[in-house]
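Student: From first to last, the protein sequence lines stand for chains A and B.
For the first sequence, counting from 1, position 44 maps to 613 in this note's numbering; every step adds exactly one.
For the second sequence, counting from 1, position 83 maps to 652 in this note's numbering; every step adds exactly one.
If you are wondering where the hints come from, they were derived from the structure by calculation, not from laboratory data.
None of the hints are false.
Which copy is meant is left open, so a pair is good if it fits within one copy or across any two.
Here are the simulated lysine to aspartate or glutamate pairs, EDC-like style, with alpha carbons at most 16 Å apart:
{"hint": "1", "residue 1": "K868", "residue 2": "E777"}
{"hint": "2", "residue 1": "K868", "residue 2": "D773"}
{"hint": "3", "residue 1": "K868", "residue 2": "E825"}
{"hint": "4", "residue 1": "K868", "residue 2": "E721"}
There are 2 protein chains.
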Amino acid sequence: MSMLVECEALRDWVKGILCRAGAPAPQASCVAHILLRTDSRGVRTHGVTRLASYVEKLRSGEVNPDPQISSHSISPNTMLLEADGAFGQVAMSEALRLGVQGLDTGDMRALLIRECGHLGALGLYALMAAEQGYFSVVAQRTPALMALPGFEHPAVGNNPIAFGCPISGADPLVFDMACSVAARGHILLRARSGEPIPEGWALDAHGEPTTEAAAALGGALLPSAGHKGMGIAMLVECLSAGLLASERSIAALRSETGVAIQGAVGRQGAFMLLINQRVLSRGYFDAYMSQWAGQYRRKGGVDARLPGARGAELEREVRRRGSLDISEDLYRELCGLAAQFGLNFPAAALA
Amino acid sequence: MSMLVECEALRDWVKGILCRAGAPAPQASCVAHILLRTDSRGVRTHGVTRLASYVEKLRSGEVNPDPQISSHSISPNTMLLEADGAFGQVAMSEALRLGVQGLDTGDMRALLIRECGHLGALGLYALMAAEQGYFSVVAQRTPALMALPGFEHPAVGNNPIAFGCPISGADPLVFDMACSVAARGHILLRARSGEPIPEGWALDAHGEPTTEAAAALGGALLPSAGHKGMGIAMLVECLSAGLLASERSIAALRSETGVAIQGAVGRQGAFMLLINQRVLSRGYFDAYMSQWAGQYRRKGGVDARLPGARGAELEREVRRRGSLDISEDLYRELCGLAAQFGLNFPAAALA
Chain A
570 MSMLVECEAL RDWVKGILCR AGAPAPQASC VAHILLRTDS RGVRTHGVTR
620 LASYVEKLRS GEVNPDPQIS SHSISPNTML LEADGAFGQV AMSEALRLGV
670 QGLDTGDMRA LLIRECGHLG ALGLYALMAA EQGYFSVVAQ RTPALMALPG
720 FEHPAVGNNP IAFGCPISGA DPLVFDMACS VAARGHILLR ARSGEPIPEG
770 WALDAHGEPT TEAAAALGGA LLPSAGHKGM GIAMLVECLS AGLLASERSI
820 AALRSETGVA IQGAVGRQGA FMLLINQRVL SRGYFDAYMS QWAGQYRRKG
870 GVDARLPGAR GAELEREVRR RGSLDISEDL YRELCGLAAQ FGLNFPAAAL
920 A
Chain B
570 MSMLVECEAL RDWVKGILCR AGAPAPQASC VAHILLRTDS RGVRTHGVTR
620 LASYVEKLRS GEVNPDPQIS SHSISPNTML LEADGAFGQV AMSEALRLGV
670 QGLDTGDMRA LLIRECGHLG ALGLYALMAA EQGYFSVVAQ RTPALMALPG
720 FEHPAVGNNP IAFGCPISGA DPLVFDMACS VAARGHILLR ARSGEPIPEG
770 WALDAHGEPT TEAAAALGGA LLPSAGHKGM GIAMLVECLS AGLLASERSI
820 AALRSETGVA IQGAVGRQGA FMLLINQRVL SRGYFDAYMS QWAGQYRRKG
870 GVDARLPGAR GAELEREVRR RGSLDISEDL YRELCGLAAQ FGLNFPAAAL
920 A
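Just chain A, same shape as in the assembly (with noise of 0.2 Å):
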């Protein structure tokens, strides 16, 4: 069972509860977006469901609410930005708005992004960026959460990356992954309704495999693919840590437990790469790529969609309805923070 909301009213309730939390209405509005657009697009892992955990990092003051964003050129394709804690959609939307600047007669930029806090479903990003014509990768990384079999301790982190890219007469390609078999919120909920974990999701505290999900929480990730999944963490390590690394980040890896932590944690270096495709190929990508999606889907048949395809679908849905259907559980928990905040959750329906 589910509830219907009308959209406008629920990105209107989002943005006040942030609001109510100490974010300035420019930053809420933006988080409360990005939120939206990512149920609407079936990511219901990275939507509304994380309001709760905000709302607690503002509380923390793991997130800072009202950031000094400063950023500066350090080559001539390369931007450094200071997010200075701010919420990731905050800081990613004033990346993206930077590294297109200009970049319409430019080949490529790179956006070092510097404690931001979690992204949410990053392939929104790219998807923003192909949106607006270019190709992108994006990543972010995550203190350590994954292991090998017979590791210690984690790590390194499940470091999500995609990328977007644009089709001509098609929706955009926008595929988006976290390294991890399986993310650490699906282990909680298990171990909190005491269900066993399928084999292959994590090791314990020994580095032995398991499928007991409290034993999972004290251990480690698996990462998809063994060393394929580890290895596309590396690189995302070095994208966006490494590539931006300072003093203060350095510290913060020092001090890094090798315990399991919790949640999305603030504060994490992000990368993202902008192409404007259409200056390298001479117009060729566009033809080649449309050509190509054309040719996936025919050898797929009925079945196959390029990433992104079903997101693009359900957001239309939902535009055209106007309403998001939320699970009764998350329904309750929103209902809660409503009464949390003084803020009345919009009317709500039986789907």
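Position chain B against the provided structure of chain A, taking the given hints into account.
Tutor: For chain B alone, kept in the frame of chain A given last:
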């Protein structure tokens, strides 16, 4: 059982065979050098075992033995190489040589390489870049080989990608993956011997999972970690085909039949991104990554190695010994080539 062959003699012999098959000495020398380094680092699937197929490709004209490689800047940071059907090793060595020129004061450079042959182990070029002090990403597209369950035909290549990262005081981090669970070569071997293949490697011609090697050869490879492997392959398609697309590559894409092909196909696009991390990070990259690498090893425990560490150790061992061990099967195959080209195989001793 394996045979020990003196490295220099083996390299000279490989070069000699390639020369007799039609390659000019500089090209033959470049290919021989890279194949030998690949074997020395333990990547046996992409070393001298490829010689017979390279000779075949010279014969069939798929590799152009004496290409007119030309290059020009298409923007301040991007260079396009027309490889004219060259050996991948030759084209990529040239790309790397051009790419690092002037990069000691620059920040990044993209190399778009049109129509080059099989690169072999992509990690070798990432390693070569790291040995010169640069961070790099290398990718090459292949014709369509992979599908998801239910697909009617292979829809995307198993598009390998690699990256390399210098680490202060340690061997470079070198990571190299293809996007399929298993290489087609492994399926080919099992089809010859009549052995079944493991579940999860491949689909048959109807898009159904199969453990029959022969059926898999008429079907498609499965991507690593399902949609994740598929997505990474699409990223590679954008970078190493889309960005450097031309009338010819679009026509070639159109003529891909979706019928699985055998072996490494020539005249494919490749991509290399070189980053001068010292300029971008003002020295902090090195400090961060060496701290990170140390922590990775400590958290991992005695068995934890960074990708590239074992290859570096093996290569030092081969250098110390001055000889390479090759399998008996490969030895017999190479002796066959020796007879065919009238060029005696170097002295080999039982290992």
